[in-house]
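Protein chains: 8
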Amino acid sequence: MSNPNWTVYLSGEIHTDWRERIINGAEAADLPFSWLMPVTKHADSDDCGAVILGEEQQPFWRDHKGAKINAIRTRTFIEKSDVVVVRFGDKYKQWNAAFDAGYAAALGKSIITLHEPDLTHALKEVDGAALATAQTPEQVVDILSYVVTGQLK
Amino acid sequence: MSNPNWTVYLSGEIHTDWRERIINGAEAADLPFSWLMPVTKHADSDDCGAVILGEEQQPFWRDHKGAKINAIRTRTFIEKSDVVVVRFGDKYKQWNAAFDAGYAAALGKSIITLHEPDLTHALKEVDGAALATAQTPEQVVDILSYVVTGQLK
Amino acid sequence: MSNPNWTVYLSGEIHTDWRERIINGAEAADLPFSWLMPVTKHADSDDCGAVILGEEQQPFWRDHKGAKINAIRTRTFIEKSDVVVVRFGDKYKQWNAAFDAGYAAALGKSIITLHEPDLTHALKEVDGAALATAQTPEQVVDILSYVVTGQLK
Amino acid sequence: MSNPNWTVYLSGEIHTDWRERIINGAEAADLPFSWLMPVTKHADSDDCGAVILGEEQQPFWRDHKGAKINAIRTRTFIEKSDVVVVRFGDKYKQWNAAFDAGYAAALGKSIITLHEPDLTHALKEVDGAALATAQTPEQVVDILSYVVTGQLK
Amino acid sequence: MSNPNWTVYLSGEIHTDWRERIINGAEAADLPFSWLMPVTKHADSDDCGAVILGEEQQPFWRDHKGAKINAIRTRTFIEKSDVVVVRFGDKYKQWNAAFDAGYAAALGKSIITLHEPDLTHALKEVDGAALATAQTPEQVVDILSYVVTGQLK
Amino acid sequence: MSNPNWTVYLSGEIHTDWRERIINGAEAADLPFSWLMPVTKHADSDDCGAVILGEEQQPFWRDHKGAKINAIRTRTFIEKSDVVVVRFGDKYKQWNAAFDAGYAAALGKSIITLHEPDLTHALKEVDGAALATAQTPEQVVDILSYVVTGQLK
Amino acid sequence: MSNPNWTVYLSGEIHTDWRERIINGAEAADLPFSWLMPVTKHADSDDCGAVILGEEQQPFWRDHKGAKINAIRTRTFIEKSDVVVVRFGDKYKQWNAAFDAGYAAALGKSIITLHEPDLTHALKEVDGAALATAQTPEQVVDILSYVVTGQLK
Amino acid sequence: MSNPNWTVYLSGEIHTDWRERIINGAEAADLPFSWLMPVTKHADSDDCGAVILGEEQQPFWRDHKGAKINAIRTRTFIEKSDVVVVRFGDKYKQWNAAFDAGYAAALGKSIITLHEPDLTHALKEVDGAALATAQTPEQVVDILSYVVTGQLK
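Residue numbers (my numbering), protein chains in the order written: chain A, 67 to 219; chain B, 67 to 219; chain C, 67 to 219; chain D, 67 to 219; chain E, 67 to 219; chain F, 67 to 219; chain G, 67 to 219; chain H, 67 to 219.
For the record, the hints were derived by calculation from the structure and aren't laboratory data. Please note that the accuracy of each hint is not assured.
[Unchecked claim] In silico lysine-lysine, BS3-like type, Cα no more than 27 angstroms apart, as pairs:
hint: 1; chain 1: D; residue 1: 107; chain 2: C; residue 2: 159
hint: 2; chain 1: D; residue 1: 219; chain 2: G; residue 2: 107
hint: 3; chain 1: C; residue 1: 159; chain 2: D; residue 2: 157
hint: 4; chain 1: A; residue 1: 107; chain 2: B; residue 2: 159
hint: 5; chain 1: C; residue 1: 146; chain 2: B; residue 2: 146
hint: 6; chain 1: G; residue 1: 157; chain 2: E; residue 2: 159
hint: 7; chain 1: E; residue 1: 146; chain 2: F; residue 2: 107
hint: 8; chain 1: D; residue 1: 157; chain 2: D; residue 2: 107
hint: 9; chain 1: E; residue 1: 146; chain 2: F; residue 2: 219
hint: 10; chain 1: A; residue 1: 219; chain 2: D; residue 2: 107
hint: 11; chain 1: H; residue 1: 159; chain 2: F; residue 2: 159
hint: 12; chain 1: A; residue 1: 159; chain 2: B; residue 2: 159
hint: 13; chain 1: C; residue 1: 219; chain 2: B; residue 2: 146
hint: 14; chain 1: C; residue 1: 146; chain 2: E; residue 2: 219
hint: 15; chain 1: H; residue 1: 157; chain 2: F; residue 2: 159
hint: 16; chain 1: A; residue 1: 107; chain 2: A; residue 2: 159
hint: 17; chain 1: B; residue 1: 107; chain 2: A; residue 2: 159
hint: 18; chain 1: E; residue 1: 107; chain 2: F; residue 2: 219
hint: 19; chain 1: D; residue 1: 157; chain 2: C; residue 2: 157
hint: 20; chain 1: D; residue 1: 146; chain 2: A; residue 2: 219
hint: 21; chain 1: B; residue 1: 146; chain 2: E; residue 2: 146
hint: 22; chain 1: H; residue 1: 159; chain 2: A; residue 2: 146
hint: 23; chain 1: H; residue 1: 157; chain 2: F; residue 2: 157
hint: 24; chain 1: F; residue 1: 107; chain 2: H; residue 2: 159
hint: 25; chain 1: E; residue 1: 159; chain 2: G; residue 2: 219
Everything numeric in this text was worked out from a predicted model, so none of it was measured.
Extracted from the complex, chain A is given alone in its bound form (with noise of 0.2 angstroms):
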């Protein structure tokens, strides 16, 4: 039996501390995981069209060059994976999740949503098109870890 390494995107809300909960626990595991995310830092998410290309007058462009500069990285980090994790929180519109949600799944990435469950009427179709839906990051480390081990813990 091998064990191909996975490359897994970590998408969606970037204010607490979810992914460093979903690595750590699976490299305490020692299991064979790439980890790709967005730019999780949300200033220069914002500003890097400005700060590279040049400021601009209307907010629209403004957010426009930073958004398609942001897109390189998000859309080629979907497309390595294997498997594609979104967090939804309780704060803010989070489209971008969604839109991300949305894109994996028409490549026929596995998804696995997590978040609360009062937000499970809001994200129906989202967790519709999700292989498995969580509430912690410690079940998205278990499932991980039970697909590329092949055993329960």
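Since the structure of chain A is provided, determine the placement of chains B, C, D, E, F, G and H on it from the hints.
Using the frame of chain A, we list chains B, C, D, E, F, G and H on its own:
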């Protein structure tokens, strides 16, 4: 010059008359469009799984059954479309609209977003994947009219 | 709102009248479906290779010739379909039905499974790839009716 | 002449030692294969959803949660494979094995089926999509050895 | 049960009346086929490049110009087809017929080969990619009739 | 023999009457073509973004808005086409014509280039991806006539 | 500038030393190629099905079993390749070489044909799909050397 | 967080040192890029067909042979890339650069264009397909650095 039929999917917000305004505007100009859309009766969209396949005790599975039946329609229609218009309003999470946009983007569909300027920053990733961002249904009609007739009015 | 024609492939068990019940139910409601299906005459399906291309001494090759001719029909029709309904009965192995479901899943078709509850555990992987699991042909009609008309009856 | 690594997915029956016989046979010949397979511990495969994400009252949803988590592994591995070996035994429905075969066929993977001659008629559609049908694991080793080394022993 | 139109490409040998026998046979049975084929006038097929775009001094480029113009037709038609029938006769190299078969195979088209038994060994790779191997045009008609009507005559 | 409708996209230079000459030539011969083309009114093509969605202060964004709206038409039409004719004249950069040719090549469309011999060296990569290179619109008509009718005039 | 590894499939004639001349020529220049090829031992290629899976009474099925096992190797290798070199000699039908060329063409692989000038007319369709036509193995080495190093010797 | 290797293709103008400035800039920052590019020695790029495969009398075929050999390199490299940078200078037609951009766009690659502002209007369609438009090689380095490290400097 031939005028092939265009298929347009109208995704997103279901509480205002933006779909009617687009369809009526295009039909007034006698343009060759087929219009597709999700189920726009909110209650039916929520209840379809439970009503057809049986009630569920757990809210998660009630939503899940409905969301997947809706997905039969949604995905089939997005795949049949040339253009996907995605409307975001000021209420609700509308994650399904962003999910549709991501799904359409990965399939290489032409996307037009439709929303007020105050949503610009929150929608920058979705707008970044779109070929046009309109603020009114009439602008969407003008875009569709232009791309199909090949001239400005 | 346009009503595009939907193409539905009816795969699986051929010893009960489930296909007729679905087709009749949908036609009673005047729904825009094209119905495709495998060869449902069991003897023809078994004998086609030997009858058309010559008898075989080895059972394996007799079956092989027939199975491949049937595949011309089956694969062409699954690829032309928007929705694939897969019916499992209580008799026979029906591996071809599960094969069709896997084939349809990899092509991204919307799958509806149709079977009694006592097959739930044995069919969990197939149901897991489906967008709906029905127990009666009438439920399938209701799902198809809903996704095409966009409203519950 | 280069010897690229081949990836082989071993799908199907989990109650006999056919996987070990293939892997041991190939490794004895020092052949460059990576071996992938589904979760082969029957209980873990059944329970994974309920154990990781929480118990369910309805058997359908208990199976559903588990089947979808298993699909993360199964589909990822089939997509990574060059060759898919599908084993059918004389017990159980094994619809998931036939589903895997259909899934692999639609992706254009090379399929080798492995079963006793008495299953020939029931498996004719699956065998019809395969590039070889073997009766023993040793024949599978011989096929894999031949295609990778380019010569008969 | 719907009877969708099938598109059949008739590739290969152009010196006997096998195409007419297939088309006449199918039309006598009133079957819903569209028939596509390469340019079957040998001289036109050889000369088209030089006649339309200007004569060439080098035979290689004369052939090249013609072959590529013919490819506009050939590839467009193979891609539009559901079934590709490839006929090999006893004369000439007919490498373009084998090329068409390979092209069709990679696109996942259903292939039917048509040739005398004495070509079996030389054509084993092409027959291996086909779903049926016939010896007479009438057998091809019977196969096409069976897959479209779903019953043996 | 069936005569399926062919769809031809006419890309490139918009200042001479080459499109009319091709269309008129083909229609005189009663050939089954659908003709698609970009917006050929230069001013509309430049202004569409600003006129429909609002004027821009920065020339880059003014052009950007227009170019993306034009892309809705251009990409949709190239994807619907069987053959893409790309015309290069002696004026302007015409990078959009070369871009269309590259886009069509990656999609596997049949490409016919149309230009004077003095552009041969500069266009060698584009001609290298084409299935024919013509110098006059009449030659394009002759090619299209030949591939659709299957015979030289 | 990076020098990625290139994978080259050497298809076709197996009775002269053209493969060795290409491989030796490229290795003398220390070029980063992986070389793939079909089974080049004629007897093994013919007998593999019968030897591994059991003798057949009918020549058709004996060939069929062998051809399909060989296809496991052939298709896997062509799909892994960047460039496919196809060699035609003056003996035998070599339909499998033309089939490989068609298969590679439909997958968008870069094709180099290798044959004497007296086969030009018979191979015009295959050459028309190739990016280069060479007459000697040394020319193939020069092409491969040039495309990988980016300079003429 | 993993840092997967990125592959970047540097297409277009070959008469200034923009490639070196990008590569040196990225290597100074120790970024994990593989750099691919067309043949940048102008004479070799023009002569390769004639030198390797024999001189031609007609300029068209001389260019044609060379262009197709260059295409082996160009297309293989664009397909292996994650990001395609396309540089337009103020001289020459550079249709091959625009062709590469179109080819990359249809494959869904992330495109960065690099040119002076005075080319903005002529390049609006190419820029419209790009995810970023830079004016200096240093800006390209900054974009690549940002998308790979996930933070602004």
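Numbered hints the structure breaks, given as an ascending list: 7, 22, 25
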